[in-house]
Amino acid sequence: MRKRYSLALIVVLLVALVMGAGFANQSKAKAQDEFVFGMILVGPHDDNGWSEAHYNGGLYVEEHVEGAKMIWIDKVNPADSPELTMDLVVEDLVSQGAKLIIATSDDFKADFTAVAPNYPDIVFLHVSGDGVWTGEASENMGNLFGQMQYGKAIAGCAAALKTETGKIAYLGPLINNETRLFANAVYLGAKYCYEHYRGMDPATLQFTVNWIGFWFSIPGVTLDPTEVANAFFNDGNDVVLSGIDTTEATVVAGQRSAEGERVFSVGYDYIDTCAEAPSVCLGVPYYNWGPAYVTTVNAVKDGTWTQSFDWLEPDWSDLNNPDTSIIGFAKGTALTEEEAAMLDEYTAALGAGAKGEEGGVVLFQGPLNYQDGSTYLEDGEVATPEKVWYMPQLLEGMIGESSAESE
Amino acid sequence: MTAFRKILIQISRNTVLGILPLLVGILVALAAILLILNNENVELRAVYDLIYERTLSLPENRANVVDFWLPILLCCCGLLLTFTAGLWNIGIEGQITMGAVGATSIALFVELPRNEQIFTELFMAGAAGGTWALFTGIMRTRGGVNEIFGGVAMNFLASSFSSYLLVAPWSPPNATGSATVRFPANAILPSMDDYRLSPITIYITLTAFIFVLLTLSGSRWGLQLRAMGKNEKSAQMLGVPTERNIWLAMLICGIMAGLAGGHLVLFRRANLPANVSGGIGFLSLLVVLLASIRVRWVPFVSFAFALLYSAGLPLRTRLQLDASLIGIFLGILVFCVLIFDGVRQRLKERVEQRKLLAASGGEKSPPPSTVEIQIGQEASSGSGSN
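Heads up: the protein sequence lines correspond to chains A and B, in order. Each residue of the first sequence is one higher than the last, beginning at 1 in the numbering used here. Each residue of the second sequence is one higher than the last, beginning at 408 in the numbering used here.
Honestly, the hints are just simulated from the structure, not real lab data. For each residue, glycine too, the CB sits at the ideal point set by N, CA and C. Keep in mind that a hint or two might mislead.
[As the list claims (entries may be wrong)] Incomplete in silico selection of chain B near chain A, CB under 8 angstroms:
1) Asn522
2) Gln524
3) Ala582
4) Gly584
5) Ser585
6) Pro597
7) Pro680
8) Thr724
9) Arg725
Use the sequences and the hints to build the structure in full.
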């Protein structure tokens, strides 16, 4: 009998603790000009990668837009937060006064698109989705992304400038249009620089892709990126480029370099990734979300926001300008001055090509074939934005899986 | 000794033996949580306020708590049967996962009229979960594999199988991801008009609870399970069909877990994600252990946990607490309560021993107090009684 009383006490105490809280003041006056926006991050906000780049973008907004206040939740993924659903997260952010909600992962696409119509007065911004393009997005939902294929091409070039074994590898996340595009861009950049700056036959460049299965490691679900990076180096690759949200490629390269190996890495996503292992880091193509977020926040705040699909180009006049360019490339200290100069030259050529200037390098220009030998672009054909976004396969010459079906 | 003093001694013994250890357990847990919060620069009061505001203050928030609660309670109902029979159904996580997989196999690939669609999905969820549990039961009775080890293996298999499905056959078109595509509207369980709650899951959970309550409190089969829980071999010698009962208890528990998994994918998620069970099975095991396998206490204890569980989101978005801290808080609470419940049991045993010694020692020992007599009676009545 006493045990029952004890159990009753536990339950009553737990509930009473919660109920008792209700007597506290709940209302907190908000500043009149406060503009609350919510940010949903798939990984940790301090991952030195994708999620931290977004988080910093939010801080940039707070700094540059008067009254802007970010509320954020990180680790919204099945491993860290299996109990969470997009409905619950959005409901919570809206209850805190969010007028704009930014979801920052391709993984959120289906759920975010499904929830948005339930809140017609709230603006939903999906980063890296294509819902507006495909017509799946409701009127209150927009898309934003940066043309990272250029950053990836520069990354590929840096790898090609450094490799001595002629074998470079790409540590891929999951497989979709976005990730195939980036892997292909890396390959094209590497091929170009291997041929034009190193004077080597691009056909002899071995480029291998392995996909871990998600944007970052989930034990028991994905491959371990540390193991995959080590396997790349074991196979004779001397440069590993990261396509995932976290920094394993750079960390592993740093560890192996410390043991005397000549290996290098190229990071992804976050401007300070090279800080993990500066001596092996050739650079990092990174996102600078702040300016684009400021534009969106101001538009929503002013009531001038309209639905759009914004796939923003870098600021070719000043690629690393924190106030203007959504894409940047931070060169690593592992590059020699000569290599860095070549990289600058290639970057300028890419910019010229993107702007249609004569003598520029157009990244996606035929002849190019898919991995199975079918034609992607005819000789001289320049890819339309749709053909760049939606690439069903890796390109001819690359080693690795193009889709889940072929695994 | 005056009567007043005797009463005081009785009260103090009552407190020491019954309530105080558990109270100390909760206080120790709260102190540990307070230390962590202090380290995070968060006030305990702010946590209380938030939990109340985001779980109980508004009807829609309460509905969210109930939605957390239902699958946990459903799993607990199944576990009450297996625990009573002396079976540690650790494999319940895998049974939830397989139930979700079973429901998804219909939701993604079969299109039927609404009612038939929902029925078939739930049938597959229950069948898949039940079959998965039955394997563990058969391994136990025919293969000599302890259900704990069998359950762990089946959990691993279910998790790997589900991950494989997401990587290849059930992945979104020409892509991979952490979940399947969303189910069509026809495949999703209907919701209440005003609140995000599934009436079908409410009915299923209510039915499961009443079934378990009646089975364990007044049925012959419930008595057999209880006998098995006390001593399986003795029960078998007394004519209890233990093998059949193990299979049946595991099967029914698996069906309930499978239905909980079905709810997760058919209502809460509308797709099959990686790690679909998300620890609900293990949480249910803790609930049933904390409630000491008492049917009537399980809804309350599980609700308290669902309440704290669903408070995790606002704690994260408003106080910026790390996702893992919420799990740590729950773990600390359970750990402390279990530890101090163990202390309470030890104290009780010592009192009983003293009583026995006193009874055999003759005139020198004082007569047993009222409290001691009560404890002795409770001990003899069996710990699994309701």
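Going down the list of hints, with the structure as the test:
Proximity of asparagine 522 (chain B) to chain A is violated relative to the hint, the smallest CB-CB distance being about 23 angstroms (cut-off 8 angstroms). Taking 8 angstroms as the C-beta contact cut-off toward chain A, the hint placing glutamine 524 (chain B) at the interface is violated, the least distance being around 19 angstroms. The restraint placing alanine 582 (chain B) at the interface with chain A holds, with a minimum CB-CB distance near 4 angstroms, inside the 8 angstroms limit. Among the interface hints, the one on glycine 584 (chain B) holds; its C-beta lies about 6 angstroms from the nearest C-beta in chain A, closer than the 8 angstroms criterion.
With a least beta-carbon distance of about 5 angstroms to chain A, the hint placing serine 585 (chain B) at the interface is held under the 8 angstroms criterion. Hint status for proline 597 (chain B) relative to chain A: violated, with the closest Cβ pair at about 16 angstroms, above 8 angstroms. Because the smallest distance between the Cβ of proline 680 (chain B) and any Cβ of chain A comes to about 4 angstroms, under 8 angstroms, the interface hint for this residue holds. Evaluation of the threonine 724 (chain B) hint against chain A yields a held restraint, the C-beta minimum of about 5 angstroms falling below 8 angstroms.
The beta carbon of arginine 725 (chain B) comes within 7 angstroms of a beta carbon in chain A, closer than 8 angstroms, and the hint placing it at the interface holds.
When held up to the earlier numbered hints, the structure conflicts with 1, 2 and 6 and fits the remainder.
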